[in-house]
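Number of protein chains: 4
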Amino acid sequence: MALTGPIVLTDNRYGKAENRVVRFYKENARHEIRDVNVSTTLRGDFEAAYTDGDQRHVLPTDTQKHMAFVYSKKPGLDTIEDYAIALGKHFVDSVDPVSSARIDVDSYGWQRVSVDGAEHDHTWVRQGPEVRTAAVTVAGKGAAQRRWVIGGIKDLVLLKSTGSEFADFLTDEYTTLAPTHDRVLASSLVVQWRFAEIGGFDWDEVYAGIRATLLELFATTYSKALQQTLYAMGTAALERFPMLAEIRLSAPNKHHFDYDLARFDIENKGEVFWAADRPYGSIHATLARADAPDAGIAWQP
Amino acid sequence: MALTGPIVLTDNRYGKAENRVVRFYKENARHEIRDVNVSTTLRGDFEAAYTDGDQRHVLPTDTQKHMAFVYSKKPGLDTIEDYAIALGKHFVDSVDPVSSARIDVDSYGWQRVSVDGAEHDHTWVRQGPEVRTAAVTVAGKGAAQRRWVIGGIKDLVLLKSTGSEFADFLTDEYTTLAPTHDRVLASSLVVQWRFAEIGGFDWDEVYAGIRATLLELFATTYSKALQQTLYAMGTAALERFPMLAEIRLSAPNKHHFDYDLARFDIENKGEVFWAADRPYGSIHATLARADAPDAGIAWQP
Amino acid sequence: MALTGPIVLTDNRYGKAENRVVRFYKENARHEIRDVNVSTTLRGDFEAAYTDGDQRHVLPTDTQKHMAFVYSKKPGLDTIEDYAIALGKHFVDSVDPVSSARIDVDSYGWQRVSVDGAEHDHTWVRQGPEVRTAAVTVAGKGAAQRRWVIGGIKDLVLLKSTGSEFADFLTDEYTTLAPTHDRVLASSLVVQWRFAEIGGFDWDEVYAGIRATLLELFATTYSKALQQTLYAMGTAALERFPMLAEIRLSAPNKHHFDYDLARFDIENKGEVFWAADRPYGSIHATLARADAPDAGIAWQP
Amino acid sequence: MALTGPIVLTDNRYGKAENRVVRFYKENARHEIRDVNVSTTLRGDFEAAYTDGDQRHVLPTDTQKHMAFVYSKKPGLDTIEDYAIALGKHFVDSVDPVSSARIDVDSYGWQRVSVDGAEHDHTWVRQGPEVRTAAVTVAGKGAAQRRWVIGGIKDLVLLKSTGSEFADFLTDEYTTLAPTHDRVLASSLVVQWRFAEIGGFDWDEVYAGIRATLLELFATTYSKALQQTLYAMGTAALERFPMLAEIRLSAPNKHHFDYDLARFDIENKGEVFWAADRPYGSIHATLARADAPDAGIAWQP
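Residue numbers (our numbering), protein chains in the order written: chain A, 1 to 301; chain B, 1 to 301; chain C, 1 to 301; chain D, 1 to 301.
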């Protein structure tokens, strides 16, 4: 089946990745900090750059970098979602060949340093490892323009020391795993949620609410499998936050193995574990409202 | 626009990631090594595990791990593509609820150690950073079964010290970049190619040929932009290897900035550069034959 | 000056690195977690293993691994310092050829998940990136035995948005840096403190106190250089905690560069910065009490 | 034992870390590349910067960065050792308060791309993961000046599939490891060698020779333990290269565990292994000529 058809450029995109923008608000002595990693991706009429090396439609990625910084000043970085919408809109509205722009933002957490019990005005300590994310897509010119916002959190490491089992699973001739009715459940979650709409609510409040919901359901769901836990987390998030259309959860099962102390005549009643690195289970779930508006190119990288 | 529709599990998958399998062939004194990182991903009738915690359809990821090792023994790891096809087929053919299986393999390179000018029989030194990859999908039971093979290479770091320019690009009021007619071009490439067919050629030969083609075109193409270089690389690969349906190239533009020595009265004629980390340009291209067979779920993670 | 003297094994050591021990306390419904990374290093009469391949004095690193887990059960991991002392003592006291043992512990932080305003009994979310450390050395048998404890913290990322300058520095013909009287000061600190004594205080309280002191001084010291800030932090720690003999501070100067927005007619009043990765300044300071007991082999890896 | 003595700054140093210098030689069409990561560290009369925030003796790390680039132009980066000596000498000779300078260089390997069987003039592909290193210290002014050069290699990953055992080791009540007379031996080596002298030989030749020696001895030594292998490697290097005073080898024992296939009625004759990440053995050896000149501050970071 040797192919003989002409060769076609079927997809292309380009941008500037990982612009490390730090923005302070210094209106008064109590400063505010926004610490973000911004990536821009443009799609549009760029084919000639590939096929002929013709750059006349290509806005340099260096200019895209400038815009990531410029827009952090004004309209500013009050919320990463509004910032990303404005930045995406800039590229689509102001740069002719651009048909759609995607803006990815990672936002790092900082906690004010405490001095004599009071929060310091201009000093912070990094909080992590969890990172808040946003992925905004703006597509189309003028009245036909559409926008999608995906909020998220990543590197959210959760662990529970009981309330988790794994049993009654499918077995075949190669299955050696013993069922367990009490195990450690741990994961480093990546969760993304697509908004059905923009506006009418506070981005930060919704983020805090979804994060709290994810943590709560991880804690309170008696887990028969990580699959079930993810489903419970996703369902609760969609139920409590009606502005959400869809949620995607990706979760490594970070295995903790009971350490065999019995060979040394020591009893290990679920107290001593070895935290393994690799391999790990890898569980994914996508949940959506049946009446969710279409995702369009929201999930396109 | 508060959504009220029922919540639906619209997608799910699970598997065991990063099984570090090392396989030796020791039929004679001159041993052979295969050093791979294998991830398995299953799709199928697993909804009850999410919605009800019912594991009766769920083959443990621990069993999937066993299979990655078992299949490295037999049929073996002669080529990662045939190994991945066999492993994927096992899950679809032998495990009832599985509708499709995806097997991802990273293969690490090793070079025989040289002793007195001769290659040693059983000692190697790691080669890198580049990694050979394969992503195989097997879907459907019996006669309806389909298979897709995606070969690839990642962390392929290339650099050329001349023969690259970037000029005549689009400018706006925020563009400060000066055009250049001689710059360093460097990237750490991720390339994946989808095969139109399976069989009738040697996996290793085709891999070596595509790799050589990518390197050659990067070297010999006078580059008016990284976009053009990627297009030239992809076109040549498709032209020379008619068993390929499609190729995807992803390339950070690893910037090397001229270091300003003139302020110290030292001339820098394209000799001294600062290699920057972030931000970096990010360029993508997908090329396909117009008569390529459909990709089906080949690119689904 | 070709050397002709005999070749001598002048130093050697061996151990098991990065044992990932997770220990729960489950005496009641409110569980406690200790999540640590333990490395053991032994010195002693092991020369024959090197020179002759004679293993008769070599306790396998596999056995050392067992002990890291065994000792987490009993005496347990109430504090990492007491755990490390006990583990180190075990090797020196029970394994004949061992003359000294060093135990390194990294301790990861976890915060209880909050559900309806209450702390959950058995679910946590990882806190970081900062990590608490301990490095304990036990040397010598019987009455001659000595012990050293080094506490510490690493990956402590601090930032202040004002209250920092760098001016009036040495200049030469290659110096182009402009003095600044208001800059961002940021670092990812590694700090280690050597205790003059063991016992008579609470390890956790002292740790919390030193951490708070480091944060406070970073915040409140008007900084004329990172050097001065480190000195202020170290001095305060030694002054407030008389059980400390010595403190070592290692601090990359994580540069934040003003982003030039003036070229776009936008004023940047210390609001918009680019956070650079490399290169970075690298500042070190060691402070000690003049009457500190000798460090012996406490700092030997 | 509360300490009451005055607090003293007992050690300090500062510099600029990880200057990513790329230097091309373009005298003719066949270009040459040097790709290095340079860190500078200065010691000297800098105490006032710590105690009083007085910068008058402090050469900015920004200026140190400039010098790393300036010196790559001239005298140039023909060898990293001569470059580092010149750069270190610059700081000590030209900057009054500097008493000693340490220059650390990592050098990344590049291989010319092959086009139609010929090496390309100006295009390369990265080789790794191994990295060549140098650590040079220059101390003292004028006639009293001393210099030390430490060469090295890191991330040198070696593996042998047979010719390695571990047996007849010390056992205690906690030892469960079975002796083995045929195992995989693998490590990621960090090796550093101190030169007894400077000059009279070719840096690149000696580097290539030591690297080849390390590989050869790893391959040809029947290993009764990694300790013995390191000793054999170090001894051979010192014996063959009389300009070396001392060699330090640091080697994780990267465990490869036989995968138990017998439970599936499959024979595994040393063919299928699981490559584990953590924990790992950690073995160190230092060998020196008995008549080696003193190391002075050569090993001081």
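Think of the hints as simulated: they come from the structure by calculation, not from any bench.
Take these hints with a grain of salt, some might be off.
Copies of one chain are not kept apart here, so a pair can be met inside one copy or by any two copies together.
[To be verified] List of simulated lysine to any residue pairs, SDA-like, C-alpha gap at most 25 Å:
1. LYS269 - GLU27
2. LYS154 - ARG278
3. LYS74 - ALA275
4. LYS154 - SER250
5. LYS89 - TRP299
6. LYS154 - ALA144
7. LYS89 - LYS224
Status of each hint after checking the structure:
no., hint, result
1, LYS269 - GLU27, "between (56 Å within a copy, 10 Å between copies)"
2, LYS154 - ARG278, "both (19 Å within a copy, 21 Å between copies)"
3, LYS74 - ALA275, "between (46 Å within a copy, 19 Å between copies)"
4, LYS154 - SER250, "both (9 Å within a copy, 23 Å between copies)"
5, LYS89 - TRP299, "within (17 Å within a copy, 30 Å between copies)"
6, LYS154 - ALA144, "neither (32 Å within a copy, 39 Å between copies)"
7, LYS89 - LYS224, "neither (45 Å within a copy, 28 Å between copies)"
Violated hints, listed in ascending order, are 6 and 7; each of the other numbered hints is respected by the structure.
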